[in-house]
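J.: Guided by the hints, dock chain B onto chain A, whose structure is given.
Number of protein chains: 2
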Amino acid sequence: MTERPSQITGMLLTIGDEILLGDIPNGNAHHIACELRARGFLLDRIITVGDTEGEIADLLRQCLDRCSFLIVTGGLGPTDDDRTNVAAARAFDLPLVTNRDYSQWLKQRLSDWGIDWSREVERMAEMPEGAVKIGLEMAGFFLLHRQIPCYFLPGVPDEMKYLLAQAVIPDLESRFPKRCSYIKQVVRVQGMLEAEINRRLRELEVEGMGVSIGYLPQGRENWVTIFASAPDEEQCRELIKQAEDKIISLIGSQNVSGRNDDCLEKVIGRSLRQHGWKIAVAESCTGGLLSRKITAIAGASDYLDRGFVTYSNRAKTELLGVPEELLAAHGAVSAEVAVAMAEGARGNAGAEVGIAITGIAGPTGGTAQKPVGTVYIACATPERSSVEKNLFGGTREQIQEHAAQAALVMLWKLLTNERELRCD
Amino acid sequence: MTERPSQITGMLLTIGDEILLGDIPNGNAHHIACELRARGFLLDRIITVGDTEGEIADLLRQCLDRCSFLIVTGGLGPTDDDRTNVAAARAFDLPLVTNRDYSQWLKQRLSDWGIDWSREVERMAEMPEGAVKIGLEMAGFFLLHRQIPCYFLPGVPDEMKYLLAQAVIPDLESRFPKRCSYIKQVVRVQGMLEAEINRRLRELEVEGMGVSIGYLPQGRENWVTIFASAPDEEQCRELIKQAEDKIISLIGSQNVSGRNDDCLEKVIGRSLRQHGWKIAVAESCTGGLLSRKITAIAGASDYLDRGFVTYSNRAKTELLGVPEELLAAHGAVSAEVAVAMAEGARGNAGAEVGIAITGIAGPTGGTAQKPVGTVYIACATPERSSVEKNLFGGTREQIQEHAAQAALVMLWKLLTNERELRCD
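As they're listed, the protein sequences go chains A and B.
Per my numbering, the first sequence runs over residues 1 to 424.
Per my numbering, the second sequence runs over residues 1 to 424.
For reference, chain A alone in the conformation it holds in the complex (with noise of 0.2 Å):
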């Protein structure tokens, strides 16, 4: 008889009063999720506790309860907060013992800051009896318990994705071979409300499918989601591939840029790089926000040669040849200013494509004719230069976030529409 493989699902216990009391998001929770997630495992809770360590092994006998695998992160430091290591030995009934290796390390990196601190350490290098060190030069162990693996890491975020990596999940690969395989793909659709996006992909008969739908707003983008489970990869690519093109032709190609991480900065500058064209970026009240996320990818140099942040009119005229006269006659955030701004910045760069923003981030700045929030977007190539006005709400990050996306939409419907844009 052969095992049939399943859908093996862990717990999470993040460790820390700094998520509770708000002080940090919870990231490692989050990078934990996405790292099991990319190898099939699939995490059925998770659970912010403080460094309380009753609570910590109480809850730790809770979750082997109801898990096939256990992750632990934080609480393993020097401070009197660090708890973990007693709550571990408390939960699982098992005295606490020094691990002689880590130690003797940690007494000889303390020594090498200067530091003495041999009470804390002794207390750090303490295990409950059974427990494997992982990874030498941080905090962190493993122990078997009941047949189920406990993995306890530090909160550290470097170190714990150190040993996540190089210990955990190789680990759980090898315990469970068996495993599902568990496909998810990301279909992101530009220019269309979620409701909308909702109403097309009603048709779908996912039942029949072999696969769940997800839908995710990020932002100015919507993302639906597929997740695929079958015995082996292929039959997961298999099932995605279904309903991926069923999905596409409901929604219309024209209205996805991309799927998984191809953000539109990639999509973007994959396109540029295959005409061999160029594109210079003139920015107001995004501030640097929009180079930034062009910049962000890897490779960037290749079709970006130089951007202009021109706060100040001085700056407008001075940097992208915009007339004083039409500053003067339309002010600073119009659209006359923003296609200005784009010619200027093609020109300037010698570039195909020109790219501006000017608009009101506030909180100040805002009048009854152009109120906080409104922001113009212009696109300059040889052929013809386009203008787009909007009003942005919420705060002025949200705005200048709001805007340097709307100006990437716009970007990519540019570059995407070759009929508008021949550069030869």
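Since the hints were derived computationally from the structure, they do not count as laboratory data.
Be aware that a few hints might be false.
A pair holds if it fits inside one copy or across any two, identical chains being indistinguishable in the list.
As the list claims (entries may be wrong) - Dumping the calculated DSSO-like pairs for lysine-lysine here, alpha-carbon to alpha-carbon at most 30 Å:
1) Lys-370 x Lys-246
2) Lys-266 x Lys-370
3) Lys-413 x Lys-278
4) Lys-278 x Lys-370
5) Lys-161 x Lys-178
6) Lys-107 x Lys-266
7) Lys-246 x Lys-107
8) Lys-370 x Lys-389
9) Lys-246 x Lys-266
Note that the structure is a prediction, hence the values are computed from the model and not measured.
T.: Relative to chain A, chain B alone:
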């Protein structure tokens, strides 16, 4: 007998497969923890669970056994995987009834969009009997169960935030008027290792001070957080003040850049405005990130009128006047070019201060002499120019982020050390 103020702790249940699957970080939990904390309410557990009716119902029952209030987010939408209202009815053993007003509003809204969605609307408008609708134009309801207030909020971040501020927090404040005051203060430390901060603060006898101290590395910055809890706010402030004075004297005031949300960008902006100085920014490998950080602060136009993203050598020469011979002799990533960029930006903008970043963000472009992560940062004033060489680790985005943060630290040091910067 007067009631003594006490700490009010609640639990947060965030519902959604998208968090467990790693699609999105749990931003809602972070926001709720921050906002509650600011009003003197604490969370002692945050649990994330999938859209499974039975699991949600079990957890609701468990939570109610051990908290003073309960907040639940997510699972109130129209799709099949939104099960929170059904689970709540089951957990509280109440029938589901339709909320007429909400049902009407939903129908109207969808008919405005031309969407016929009657079955889903009916389901969205159902609530456990006795529930009070919170906010009409979005999902959300309130239930008092065995004297424990339970708030059910939508998972959509903007809607959740709105209802939290408008309904949940005011209601909690009226129900728990006699709670402890609880204040947190962050001291932001620059240019000092966490281990060194620990060493210096070992002298603090925290126990006798009525506060607790936490350490939180934030990128290149280290935060020392001081928590105080006392019957009233004034006593809290007094405790914080005493502790803060001691902490700053042990760390050295020259290493402390600000407190709470007084980030470097704000401190730098204030200093520039006070001096009546302007700044010009020239960036290569950070592609606009430093400008973006500076202009994220409202009113940045008072001191920044332009910034340059000069990716190519030609852009460095044309916009900033970096001599071609200098680029040929030293390469674009060099101390000499960084200084020339800072001076060029300063001159072009007629600003008192110029700052420039040039480096290799990777993943390609590194050499044995100048590996990926090599970044030069230069500051120029009328009196002098200075430059520093850095080697940052991590991904492209991390290197860019480190470089922009290091530039802010350099600027801050320059501005706080006025002997070095006399622009009169």
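J.: Give me the numbers of the hints this structure contradicts, sorted from smallest to largest.
T.: The structure breaks hints 1 and 6; every other hint is satisfied.
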